[in-house]
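Asker: Take a look at the letters that make up each chain.
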Amino acid sequence: MADLTTYRDAVSEGLARELRRDPTVVLLGEDIGAAGGVFKTTAGLFEEFGAERVWDTPISEQAIVGAAMGAAMTGMRPVAEIMFSDFFACCWDYLANEIPKARYMTGGQVTVPLVVRTANGGGLGFGAQHSQSVENWALTVPGLKIAAPSTPADVVGLMASAVRSDDPVVFFEHKGLFASKGEAAPPGHVVPLGEARVAREGADVTVVALAATVPLALAAADELAGEGIDIEVVDLRCLIPLDMATVLRSLEKTSRLIVVEENPYQGGWGATVASVVADEGFEMLDAPVRRLAGENVPLPFADALEREVIPTVAKLVEAVRRLASY
Amino acid sequence: MADLTTYRDAVSEGLARELRRDPTVVLLGEDIGAAGGVFKTTAGLFEEFGAERVWDTPISEQAIVGAAMGAAMTGMRPVAEIMFSDFFACCWDYLANEIPKARYMTGGQVTVPLVVRTANGGGLGFGAQHSQSVENWALTVPGLKIAAPSTPADVVGLMASAVRSDDPVVFFEHKGLFASKGEAAPPGHVVPLGEARVAREGADVTVVALAATVPLALAAADELAGEGIDIEVVDLRCLIPLDMATVLRSLEKTSRLIVVEENPYQGGWGATVASVVADEGFEMLDAPVRRLAGENVPLPFADALEREVIPTVAKLVEAVRRLASY
Amino acid sequence: MTTAEAVAIAMLLDWYEQMAVIRGTEKAAHDLFLRGLVKGTTHLAAGHEAVAVGASAALRPDDYVFATYRGHHHAIARGASPESCLAELMQKSTGLCGAKGGSMHLTRADHGMLGSYAIVGAHLPMANGAAWSAKLRGTTQVAVAFFGDGATNIGAFHEALNLAAVWKLPVVFVCENNKYMEYTPIEAVTSVPNPAADRAAANGMPGVLVDGNDVVAVQHTMSDAVERARSGDGPTVVEALTYRHFGHSRTDPATYRPADEVEAWLARDPLIVARQLLLEIGATQADVDAADARAKAVVDAASQAAQAAPPADPATAFTDVWADGGAAWRT
Amino acid sequence: MTTAEAVAIAMLLDWYEQMAVIRGTEKAAHDLFLRGLVKGTTHLAAGHEAVAVGASAALRPDDYVFATYRGHHHAIARGASPESCLAELMQKSTGLCGAKGGSMHLTRADHGMLGSYAIVGAHLPMANGAAWSAKLRGTTQVAVAFFGDGATNIGAFHEALNLAAVWKLPVVFVCENNKYMEYTPIEAVTSVPNPAADRAAANGMPGVLVDGNDVVAVQHTMSDAVERARSGDGPTVVEALTYRHFGHSRTDPATYRPADEVEAWLARDPLIVARQLLLEIGATQADVDAADARAKAVVDAASQAAQAAPPADPATAFTDVWADGGAAWRT
Ligand SMILES: Cc1ncc(C[n+]2csc(CCOP(=O)(O)OP(=O)(O)O)c2C)c(N)n1
Ligand SMILES: Cc1ncc(C[n+]2csc(CCOP(=O)(O)OP(=O)(O)O)c2C)c(N)n1
Ligand SMILES: [Mg+2]
Ligand SMILES: [Mg+2]
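Residue numbers (this note's numbering), protein chains in the order written: chain F, 1 to 326; chain R, 1 to 326; chain L, 1 to 331; chain W, 1 to 331.
Rather than coming from a laboratory, the hints here were simulated on the basis of the structure. Do not take every clue at face value.
So the derived label-pair ranges between C-beta atoms look like this [said to hold, decoys possible]:
1) W:PRO185 with L:SER223: 34 to 40 Å
2) L:LEU34 with F:SER325: 45 to 51 Å
3) R:ALA51 with W:ALA259: 22 to 28 Å
4) R:GLU223 with F:GLU252: 53 to 59 Å
5) R:GLU183 with W:PRO310: 39 to 45 Å
6) F:PRO192 with L:GLY36: 42 to 48 Å
7) W:PRO310 with F:GLY188: 43 to 49 Å
8) L:GLY326 with W:PRO185: 32 to 38 Å
9) R:GLU223 with L:GLY326: 39 to 45 Å
10) L:LYS179 with F:LEU4: 51 to 57 Å
Cβ coordinates follow ideal geometry from the N, Cα and C atoms, glycine included.
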């Protein structure tokens, strides 16, 4: 069995590998230097690479992402950290209007090879303004690639692809996974953007998951297996490019599909997946397309309330049960 | 036949009625005063109501929406204008993280009765940063009501509801409709938030539309009627509350459904509608659920290119034809 | 002792006791956290008490206050009970926000404490809005926004100051400069020595520095700024120099701060400063001890009551989205 | 005539001719609009020519420039041909951005003109990024951001200035203060008299005012600022006072501007100012006429060629989303 490592350490490992490989890679963000980041996801990088590669910034999300953009246009490969994904709202203009459109609106003159990393998601009692899953925000904007790894190895492998991509990539690190463990990435590990992974094979129901809902789906799978329901778990890994081929292939086998997503139901990414399935997969379906998503409310502080409004293993087990018996 | 008026004039009429009715209603925004707004949607209001009710602001989208929020919390009913909906990106924190969460995260202590109006949508050659349909951005955020009228009378009627609502409302005025004409709203006209309208009855295919895609669908209906395809056009009017009851009722009749939406396919609002249909309407469906949406590219400047990437009558006619013959 | 002297003593004793209650509540929160009874994140304001109490003393009950995620002191200074605050942190149904807000969002709207906001800088424009509203409604209310040194580098800060000046709004912008953002010294990322005060002139308003550990100084400076606002002369930036006693948030041991710096600031603890002043102006040690004892009693009772309260009801996750009390988003 | 004098004349004649080409192109764009050949929106820079040409004269070819939706003059000053600009406006396949950008997004990346941006203020942080990149790569390149007076009230302006100062970036922030945002006088919504220059000190950098209609003054002031940046001494704010000859955009008759104000500024047209100076320093009327004639020939040819060019190919709507040239978003 390979070495185990945490998702948290995988982030700094993934960054360190790219910093070592390519001198044009630079990091910037709030408290990412000597402090190692508020989630310790840049721990050790300032020590290894120094102040010329790891830049502390003021609390200026627009200046951070804007600087990353300008640097990316002029020969660098910046990796900007936005501490919590909720703060995308403070620099949304760059993510929605500037970065994804620069190449297109200049007729291909400009390339913006950057990564914006951020801590996403809930479940930790951080309340309404520090707990959101906002990968669906990014999905509304053509021109961004979107990665959201669920395992330490994928963190490293997708980070490698993200940093090397000539397209801008938004990289969602799930707060709830930082402490989770998994196999360490082998040397040179690269996971291409846009290739989903069948995290568990199964015959009865396809469960499409992303980031923190992948381990959740796997836990549900164990529980359902005991009841004789055999689910296939597809870890999308990326929202753009979206690997619908893998999803539809799985549906072909199972004829039943549920998406489990942490962002709210209204405008959630699962709706886009479900709508493709309801169109192109229509003939394969033996049951309604279902979605288990975040409830359409802000995120409450208290754990007992938060559990009510984000997906849990129990809710998924129940939803799959109903779908399997449809 | 009632008087005809333009959608543009309906905006100022709708605002004027509320300004007259309720002294706590105030307007703020860039160039909305003596200049009457860049789309002339506030024409005449400064003259009628004066500088104490109609406030010109600096180019400070955060200060505008933030001030509206603070005023709404303290007894006023501000209506803020964000000139182009693309600029929501410059004040997204207020729309995503502050306004929709204030009531919830204070346990109901705070009420934010405000309206944020904006000119939305493409088709006018304004290019990548001034043409987007971003109603899907708003849909990603629980806690905002979302109105997007398609006719002058609905502009007035929904504006009345929006201004009187104790919940925050985002109000999308479609740039492509400003010059369009329709019946003027009768005195005291109020259209409740969250009630869709069957804009045309039909038996063969349900077309779910919003704002500028409503007249587009009606034009397609005329063309399709000539071929013997009889479509029912549902004008959602609002995305939140979302009137799925009307949509599902129509599906019951037609068994076939297509959504026509201007925002991009990826993360578009039509995906949420389609996913509810693919779940709750599954048994009624005789054909795949289809979506005609904006393409997943930034908006190009040239008309000929822009037509390629936003919905058109021709594209809808073709899509409905295929769906009807499925 | 003259009447004036007696009044001064009584007033300062009252402020001192308020500060002691806040300090005690912060310590209680810290203890409860160490005992595993407080989850999520908390940002203690111990050390900042003089800013909240001094400012509050300069305000009327109907004025408006907006604070940050580090806002326990402002909530309490504006009348939130320590019990309701601790209950909120412990996810109890009796919490100030029904356990839906948490430490970062303490709010007491009926006392004009219109919320604690966790996106840096976001509430400055809101304070403008409340001030604008006061002006529109023809009241003489004033709005105050409290924020950190780190907030002075974000765009909303600049937009807020400019609009406040242009509209001559009755608003006061109070920076609690504690020398650090999370773990980074503010001077490392700021282009001017006084992050808030040095930006006032760029927006056509006065900027004032004040000793944020001296409650009397804060009250004086704030009175001037509030008076200016109330009488229609427009906004002021007040920069209060202070220091936090704990780390940035509950998980931060704050090892990045030099020991001698910490020591010097602890010696200037706002409670020590006030205590000295009290004795100087004629209060007795017994007066001070009695205030301490009253504060301790309040906090102890608050902690007990909060611990004893029932947990928040999960069903409340689906209330308070809309003004009708519910969360329905579709038909 | 000394050699120095001759060189000065040649240089100023060159600048004059560049300005005449820009003016001619703007007039051509206006005419084409009136003839229905230019659709969408356009923001003409006629009147602002001296800022673009004077600044450009102070830059090296490898320096970086970022401009706004009112950016025709900067594109042309950095080497975009009038033909490619007019073709872009007319939605031709030969357009500078393949007719995908339009008037608001003129870009000539291979000349360091890294784009025109239509969200007010957004490009100031980008210019920082280009300057930071130059520093990281160890070049001595400088980045310049041009923006309007209205942009000085948006948050990104403040964030950009602070970061530029803290990181001592080789960047120059050039405000083209034409006294109006769209239709509102800038003084009505700004808290200081000089919207850009008066904000420099708040971010620890020099702020300089310059006559933006005097190309020589602009070149001098910019040379100083650029030299300062290039030699590692950090950023500067330059505020150039100028005036637009047309309305804000194609649909605006600009009736909100007092007639005498317009008249006074038209009398100080940058072309008139330069022409007077040319004659003063010894150029002949014939020199000036020849420059005018050359400019006219360039613009006439450009307009003809742009009109004759084929329209943009609709299929290109699906190129250039990704670096691989395509637009695929799924498997
Ligand atoms: C827009 C935004 N960016 C970043 C953060 C994360 N964050 C929370 S507190 C903090 C430091 C704030 O420092 P300061 O303003 O000095 O306040 P203090 O915590 O010292 O009271 C940061 C960076 C945030 N909440 N909001
Ligand atoms: C963030 C943002 N808000 C509003 C607008 C709409 N708008 C376009 S140009 C303009 C006026 C800009 O004035 P100024 O900065 O002085 O530049 P000028 O047009 O005078 O050159 C406005 C408000 C915009 N493009 N971006
Ligand atoms: Mg601080
Ligand atoms: Mg201007």
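Asker: Would you mind marking each hint as holding or not holding in the structure?
Answerer: Hints and how they fare:
For PRO185 of chain W and SER223 of chain L, the hinted distance range of 34 to 40 Å is satisfied, since their beta carbons lie about 36 Å from each other. For the hinted restraint 45 to 51 Å between LEU34 of chain L and SER325 of chain F, the CB-CB distance of approximately 48 Å keeps it satisfied. Look at ALA51 of chain R against ALA259 of chain W: about 24 Å separates their beta carbons, and that is inside 22 to 28 Å. Distance hint check for GLU223 of chain R and GLU252 of chain F: the Cβ-Cβ separation is about 36 Å, which falls outside the suggested range of 53 to 59 Å.
One distance hint, 39 to 45 Å for the beta-carbon pair GLU183 of chain R and PRO310 of chain W, holds here, with the actual separation near 44 Å. Judged by the Cβ atoms, the range 42 to 48 Å given for PRO192 of chain F and GLY36 of chain L holds: they are separated by roughly 43 Å. Between PRO310 of chain W and GLY188 of chain F, the C-beta spacing of about 48 Å keeps the proposed range 43 to 49 Å intact. A C-beta distance of roughly 47 Å is found between GLY326 of chain L and PRO185 of chain W, which places it outside the suggested range of 32 to 38 Å.
Distance hint check: the CB atoms of GLU223 of chain R and GLY326 of chain L are about 42 Å apart, consistent with the given range 39 to 45 Å. The beta-carbon spacing between LYS179 of chain L and LEU4 of chain F, approximately 40 Å, falls outside the hinted interval of 51 to 57 Å.
Violated hints for the displayed structure, listed by number in ascending order: 4, 8 and 10.
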